[in-house]
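Starting from the given sequences, assemble the full structure and let the hints guide the process.
For the record, the sequence lines run as chains A and B.
Residue numbers for the first sequence follow the working numbering, beginning at 67 and rising by one.
Residue numbers for the second sequence follow the working numbering, beginning at 1124 and rising by one.
Hints are not guaranteed to be accurate.
What the hints assert, rightly or not - No more than 25 Å apart at the CA atoms, straight line, and that leaves these computed lysine to aspartate or glutamate pairs for DMTMM-like:
#1 A:Lys490 to A:Glu479
#2 A:Lys178 to A:Asp106
#3 A:Lys379 to B:Asp1215
#4 A:Lys406 to B:Asp1260
#5 A:Lys377 to B:Glu1185
#6 A:Lys457 to A:Asp529
#7 A:Lys457 to A:Glu516
#8 A:Lys213 to B:Asp1304
#9 A:Lys192 to A:Glu249
#10 A:Lys98 to B:Glu1286
#11 A:Lys212 to A:Asp228
#12 A:Lys212 to A:Asp287
#13 A:Lys406 to B:Glu1303
#14 B:Lys1263 to A:Asp417
#15 A:Lys297 to A:Asp287
#16 A:Lys101 to B:Glu1286
#17 B:Lys1152 to A:Asp262
#18 A:Lys490 to B:Glu1285
#19 A:Lys212 to B:Glu1286
#20 A:Lys377 to B:Glu1285
#21 A:Lys237 to B:Asp1215
#22 A:Lys213 to B:Asp1260
#23 A:Lys490 to B:Glu1286
#24 B:Lys1241 to B:Asp1304
#25 A:Lys406 to B:Glu1285
#26 B:Lys1264 to A:Asp100
#27 A:Lys178 to A:Asp100
#28 A:Lys213 to A:Asp105
#29 A:Lys212 to B:Glu1285
#30 A:Lys377 to B:Asp1265
Derived from the structure by calculation, the hints contain no laboratory data.
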Amino acid sequence: MSEKETSPAILQFAPLNSSVDEGFWHSFSSLKLDKLGIDDSPISITGFYGPCSHPQVSNHLTLLSESLPLDEQSSIASTSHGNRNKCPVPGILYNTNTLESFHKLDKQSLLKAEANKIWDDIQSGKALEDPAVLSRFLVISFADLKKWSFRYWFAFPALVLDPPASLVDLKPASAYFSSEEAESVSAACNEWRHSDLTTDVPFFLVSVSSDSKTSIRHLKDWEACQGDHHKLLFGFYDPCHLPNNPGWPLRNYLALIRSRWNLETVWFFCYRESRGFADLNLSLVGQASVTLASGESAPTVPNSVGWELNKGKRVPRSISLANSMDPTRLAVSAVDLNLKLMRWRALPSLDLNVLSSVKCLLLGAGTLGCQVARTLMGWGIRNITFVDYGKVAMSNPVRQSLYTFEDCVGRGEFKAVAAVKSLKQIFPAMESSGVVMAIPMPGHPISSQEEDSILADCKRLSDLIESHDAVFLLTDTRESRWLPSLLCANANKIAINAALGFDSYMVMRHGAGPTSLSDDMQNLDMNKTNKQRLGCYFCNDVVAPQDSMTDRTLDQQCTVTRPGLAPIAGALAVELLVGVLQHPLGINAKGDNSSLSNGGNNDDSPLGILPHQIRGSVSQFSQITLLGQASNSCTACSETVISEYRERGNSFILEAINHPTYLEDLTGLTELKKAANSFNLDWEDDDTDDEDVAVDM
Amino acid sequence: MNSGREVSDGRLTVEGFSVAARAFADKWKIHNQSFPPWSWVPLINRTLHLSNQEEGYLSLEEILILSSLEESPEDESLNVATDCLEKEESVDHTILVQNQENEAHYYDFHIVYSSSYKVPVLYFRGYCSGGQPLSLDVIKKDLPSCSVSLLHESKWTFITQEEHPYLNRPWFKLHPCGTEDWIKLLSQSSISTGCQMPVDLYLVSWFSVVGQVVGLRIPLEMLN
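Below you can see the structure in the form of structure tokens.
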């Protein structure tokens, strides 16, 4: 049997699409966290839609932050009725607490329940009073508030006409109306849209008289419209833009029309706009043919369809908002912004990448360690390791800025552990770890039983130094700095040394290691290469590091310093490191003196000069820079010592620890002293220049 | 009492901003009809002393840019096994099967007054039709190429992501730290008014520069 060409096609509707504004998820998350908790009872929400406003893109049913029941105040006036592009539509949200229960929801019965509500509204007449209820919708969702991702699925329940409506005719409204009528219809629509009272009523009657006068009426005025029209159309805001199909809201509209008014032929008007005004080329007028119900007294609820497809598939949609909601990520981008602003406005050549990737090892988590860590964080440095064997004592929190009272209660937390915790609390994206370990020191002899564990500590320290880029020597004794200085020189790692006296401080950067230059150059002229290296903490010593702690009184053992010093020295230490990192020669950068500088920015480094040593005093409120070359007889960084360490390893370490004179013999200091003692010097009239005297700290 | 009718230091008072905003919106409506008009969003409970007007900001929303489908973000739920909905819901022939058309990108623009810099700031964001926010990389692809190069070269402005002052969510903005300086340059080059710029014209002049960065041009007539 051939198809009759004249038989009308089935009326096909373009599905409605959802759009969920980010703000809705933000508000919903707050609601869930602050109020709902695990309560998963359904929530009444409001969706918004308006007529199509663009010839190539359909409008959506949108959820905004205002869609949720109003609770908290916002600083914006809430959207009240009368917004022309936000016709409110009632909906319901079922949010589950787990992904499993999301998948287990009985979607068909939920859809049916909402469709029933629409049917009831049609039967009771509520749909005539408030026609927006015809577009009632349903959303199911699962909000994962740990990962800030949201899975959701919309349904736009549509009552299925059985048999389906057929399309007799469909054409642009401008083709259907005469030009006089078209003008009048446009004007009437624009007026309807302009008035706050009617602009958000999405279903209406369009009555055109024989003399081309149009009036637009509410659906409930249906009876009043009978008789005085030439053309009577059922108008509705059509979100769809397609030229050959009406939008989804027409479905329940037809169900309403059929049920209330028993019409077999329905003329409908798909109202669409452009640039804020009625567009009768885009708008459509169509004629549908509907089969009336077979006259039963109690009409039954039709079937319903309406689950939204996701790119053609019957799966839910999902969205991840971690970038805008996860507080840690927000903190990271805020901190990064701060640094970028510094670069943008003040230091365009600042290399921020090197700062965010540098790994810093802090030996000592006391007054200096805490201050250094905080200033490092300010520069965006994220990777910090603490080494400290002590515990937080009651006197510590006031001077050691990472600790609080809680850390000292009871037996006291290990500093290395407490410091890491504190950093994370300040900025969650820190990558920080703590090592509870003592640094082996020369001049503190060890018994043979202790040897193994001491050597293990040495190995551990050596590994730590290898795996970091910059090392801060922030311990509270001279001798504890010896081994780290040696290891840094050996591994050619940046070492920044800070030390405090009672009212004075010293901050310096160690020079490059002795084997940092190529072997060829080394063989040429050892003296020459040494001259080019900057010195380390021990280069000026004439004695090897010794036990400085035993036999001192208790208050001398615990270093007592003016509290202002640690923040000053700690901050200078970090600024010195940043200077090294920004300098093109890095650890090999030569030392500048502030007296010799040109003032203003050096071409080498955008940050200014890069001194070798800084010494200052709060008793004078003064500060100077110094320059010192590496010494051939240095007990920590000289060629002699480093090669001996490389050759003999552990036995060298043990000997240095147990016999301090060993280092003096090795480096020739012993010889030097003998020579000095045999020399008679006339000390009268010797004006020692302050700058030449090495202050022993 | 400073009526603030003219601006000589590149900055605006908050009352001046309200005045300039309305002037800007009015001129836009008249001269720039290819775009929808800007609307004024009042902030509740914050009225200005002098003029009794509300504080607020200008909003231009849902500017549509069509782009090719490749731009659309990854939707991981597509990889989820098809739901058992398949069996329950029979195929309904009255539903039009839609082809995948171009992805629509929507942009919202807000002109907000910054009381710390005392200048207006342009905030913006982009999102797909489903509501998913667009990243800055995707947004830059939507910008006309002259805008991208302007951003790259300009020392006056750059895009940062910061919390919207009233909406409590991150939006992109053109950083205002240079605004005062280049507004002063603009006012100096205006021959008729010497170094003064009438408040009415402030936002128009400001937008003539800033708008270019985000691909929004204003017709020359607006500058008269």
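Status of each hint after checking the structure:
For the hint pairing lysine 490 of chain A with glutamate 479 of chain A, the CA-to-CA distance comes to about 16 Å; that is within 25 Å, so the pair holds. Between lysine 178 of chain A and aspartate 106 of chain A the alpha-carbon distance is near 20 Å, which keeps this suggested pair within the 25 Å criterion. The straight-line distance between the Cα atoms of lysine 379 of chain A and aspartate 1215 of chain B is roughly 14 Å, inside the 25 Å bound, and the hint therefore holds. Restraint check for lysine 406 of chain A and aspartate 1260 of chain B: satisfied, since their Cα atoms lie roughly 18 Å apart, inside the 25 Å limit.
Between lysine 377 of chain A and glutamate 1185 of chain B, the direct Cα distance comes to roughly 22 Å. Compliance with the 25 Å bound is thereby established for this hinted pair. Of the supplied pair hints, the one linking lysine 457 of chain A and aspartate 529 of chain A holds, its CA atoms being roughly 23 Å apart against a limit of 25 Å. Restraint check for lysine 457 of chain A and glutamate 516 of chain A: satisfied, since their Cα atoms lie roughly 22 Å apart, inside the 25 Å limit. Using a Cα cut-off of 25 Å, the hinted pair lysine 213 of chain A and aspartate 1304 of chain B is violated, with the two alpha carbons roughly 43 Å apart.
Between lysine 192 of chain A and glutamate 249 of chain A the CA atoms are separated by roughly 32 Å; this puts the pair beyond 25 Å, and the hint is violated. For the suggested pair lysine 98 of chain A and glutamate 1286 of chain B, the alpha carbons sit about 22 Å apart, so the restraint of at most 25 Å is met. The hinted pair formed by lysine 212 of chain A and aspartate 228 of chain A fails the criterion: a straight-line CA distance of about 46 Å is larger than 25 Å. Pair hint lysine 212 of chain A plus aspartate 287 of chain A does not hold up; C-alpha atoms about 52 Å apart against a cutoff of 25 Å.
Of the supplied pair hints, the one linking lysine 406 of chain A and glutamate 1303 of chain B holds, its CA atoms being roughly 20 Å apart against a limit of 25 Å. As the CA atoms of lysine 1263 of chain B and aspartate 417 of chain A are separated by approximately 24 Å, the hinted pair is consistent with the 25 Å bound. Distance hint between lysine 297 of chain A and aspartate 287 of chain A is fulfilled; the C-alpha atoms sit about 16 Å from each other, no more than 25 Å. As the CA atoms of lysine 101 of chain A and glutamate 1286 of chain B are separated by approximately 24 Å, the hinted pair is consistent with the 25 Å bound.
For the hint linking lysine 1152 of chain B to aspartate 262 of chain A, the alpha-carbon distance of about 20 Å falls within 25 Å, and the restraint holds. Taking the CA atoms of lysine 490 of chain A and glutamate 1285 of chain B, the gap is near 23 Å; set against the 25 Å cutoff, the hint holds. The hinted pair formed by lysine 212 of chain A and glutamate 1286 of chain B meets the criterion: a straight-line CA distance of about 21 Å does not exceed 25 Å. Our distance criterion of 25 Å between C-alpha atoms is broken by lysine 377 of chain A and glutamate 1285 of chain B, whose separation comes to about 32 Å.
Between the alpha carbons of lysine 237 of chain A and aspartate 1215 of chain B the distance comes to roughly 24 Å, so the proposed pair stays at or under 25 Å and holds. Under the criterion of a C-alpha separation no larger than 25 Å, the hint pairing lysine 213 of chain A with aspartate 1260 of chain B is consistent with the structure, at around 23 Å. As the CA atoms of lysine 490 of chain A and glutamate 1286 of chain B are separated by approximately 23 Å, the hinted pair is consistent with the 25 Å bound. For the suggested pair lysine 1241 of chain B and aspartate 1304 of chain B, the alpha carbons sit about 12 Å apart, so the restraint of at most 25 Å is met.
For a cut-off of 25 Å, the pair hint linking lysine 406 of chain A to glutamate 1285 of chain B stands: about 13 Å separates their Cα positions. Between the alpha carbons of lysine 1264 of chain B and aspartate 100 of chain A the distance comes to roughly 38 Å, so the proposed pair goes past 25 Å and is violated. Between the alpha carbons of lysine 178 of chain A and aspartate 100 of chain A the distance comes to roughly 31 Å, so the proposed pair goes past 25 Å and is violated. Between lysine 213 of chain A and aspartate 105 of chain A the alpha-carbon distance is near 19 Å, which keeps this suggested pair within the 25 Å criterion.
A distance of roughly 22 Å separates the Cα atoms of lysine 212 of chain A and glutamate 1285 of chain B; the hinted pair therefore holds under the 25 Å criterion. Pair hint lysine 377 of chain A plus aspartate 1265 of chain B holds up; C-alpha atoms about 22 Å apart against a cutoff of 25 Å.
Hint compliance for this structure: hints 8, 9, 11, 12, 20, 26 and 27 are not met, and every other hint is.
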